[in-house]
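Protein chains: 2
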Amino acid sequence: MKIAIAGAGAMGCRFGVKLQSAGNQVTLIDNWAAHVAAINQQGLTVTTDDGTDHVYHLTAVAPQAVTGEFDLVILFTKAMQMDQMLQDISGILGNHPAVLTLANGIGNVETIERHVPKSQIVVGTTVWSSGMPGPGHIKVTGTGSISLQAVVPTEFADFSGLLTTLNAAGLNASQADNVMAAIWKKAGLNSVLNTYCTLFDCNIGEFGALPNWRTLNDAVLNEFEAVAQAAGVAFSAQDVTDLIAAQFSPETNGGHYPSMHQDMAHQRPTEIDFLNGYVAKLGAQLQVPAPTNAILAQEIHAQEALKGIS
Amino acid sequence: MKIAIAGAGAMGCRFGVKLQSAGNQVTLIDNWAAHVAAINQQGLTVTTDDGTDHVYHLTAVAPQAVTGEFDLVILFTKAMQMDQMLQDISGILGNHPAVLTLANGIGNVETIERHVPKSQIVVGTTVWSSGMPGPGHIKVTGTGSISLQAVVPTEFADFSGLLTTLNAAGLNASQADNVMAAIWKKAGLNSVLNTYCTLFDCNIGEFGALPNWRTLNDAVLNEFEAVAQAAGVAFSAQDVTDLIAAQFSPETNGGHYPSMHQDMAHQRPTEIDFLNGYVAKLGAQLQVPAPTNAILAQEIHAQEALKGIS
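The listed protein sequences correspond, in order, to chains A and B.
Counting from 1, position 195 in the first sequence corresponds to residue 195 in UniProt numbering; the numbering is continuous, with no gaps.
Counting from 1, position 120 in the second sequence corresponds to residue 120 in UniProt numbering; the numbering is continuous, with no gaps.
Same chains, same names: a pair is fine if it fits in one copy or spans any two.
Derived DMTMM-like pairs (lysine to aspartate or glutamate); straight-line CA-CA distance at most 25 Å:
#1 K307 / D218
#2 K2 / E113
#3 K118 / D71
#4 K307 / D263
#5 K307 / E251
Honestly, the hints are just simulated from the structure, not real lab data.
All chains, full assembly: derive it from the sequences and hints.
Put into structure tokens, the structure is as follows:
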């Protein structure tokens, strides 16, 4: 299969290596010139769990420069960069590739729909993870899985073929029953842990130790539940709360600072508009007010502005 | 006049000095033992605008130790310490002194009413200010004024006598037309500037430079306006917004960190429950939801907990 990975950060590179090693023809697409140059000149270095380095030779290219025909485009940008990326790679979208995103946040389907017919879109969630110490270098730990579903299952061309390709590469992909519910569930968790840990500059365990964490949590998730219901998506505030409470101990994620906290610390824009901000906006459209999520999104934007992040 | 000043911090001491210098018999009441001891042993040192020190001899005493009869009790504790203070000085409240508070925050009248008949209570706002570098030592700058009103004007014994006493001491006191409106106005300003500057760890000018300060501001003040209306208090979100916008320039208060920010920095409990928290609570009672103010109060409490402030 000819596969383009649009957004070749830590995760995009990890997927790219696995898919190419399984016999696919992979092109990595990324905006970071030093990263693209390093991959093309020295290859991509992958440091594995045991500390050993492995070098893989893949083709990397800037978004505006990509050409050719692809069977599958995997979008691995952050939610807020997705629209620009799709615009930049519009030259390869005309030949009806399948377009898959596993990005965090709600509203990604709406972004992709502006560039690609709904019938070609597949969305999912993943627990694979990866880090990037520098250009041309990723660090991978553990294994993961993918849960995915076509946006219009009856119209998507070859879903079982897609699953076969992903699983031949060892990506542990399976079909989701209700992928939108899974996306909202993950977004609900992130809209509590990412947002509050960023706002309070604390880790997940410290958030869980707050005397009023349940009040803070419920104010967000009760609005999520109401907006999800109006939008026809299954969402249980209680289920997500249970999932959140399971992250607090040092044995799970207690010592961890969520990705939004890391974005803020490294002066990168956050995904807040695709988490609390999305629910506030959708709530306003559906006349289900979500004032807590609205003010939290504004507070994170204020913190971005104070840090000079635009 | 025999005057007790309950809560002899920077402001209480400044008022005490002025009132005693005008011929009143003043007793300072405070919980801080080192401060009480310093005043009794070395006198109270007042550093004035021009940098000179002046020593005044006043009587200071711990709340549980105060006895005697007073014509006037001026409460200068923070809102959240007022209830305990009134309990501790209950021995001097039996002889029907007038009780005056100029403390920030809404709900102070309700606190005082639990200890003193409504007919004896006077409330107001002030723009006098003062700082305290250490025990037995205050630093005063500029001048100020007081605007005050009896809670039940028709029942208060001698309001003009009270005004005369305050003005003989140079405190620039005048009768307010609608003291509750003035208290809500000041609380509205503080519920925006104090709360957000504390939450974001920024000064007033930095808050004013945020691209979304109006959105953050309006979310708080529109709820204030709705709750005030239900409570029968005059409140204009637009008026308070104008007052807030006038604080942003370096020439006014732009470089200033509000008192709540200083409380948090010095590990002291904040007044949040008498600002945003009060409006959230009153809104819930009056069935006028104030979710923005509710979550802001919870966020400040979370920050207090993270700093080990209980």
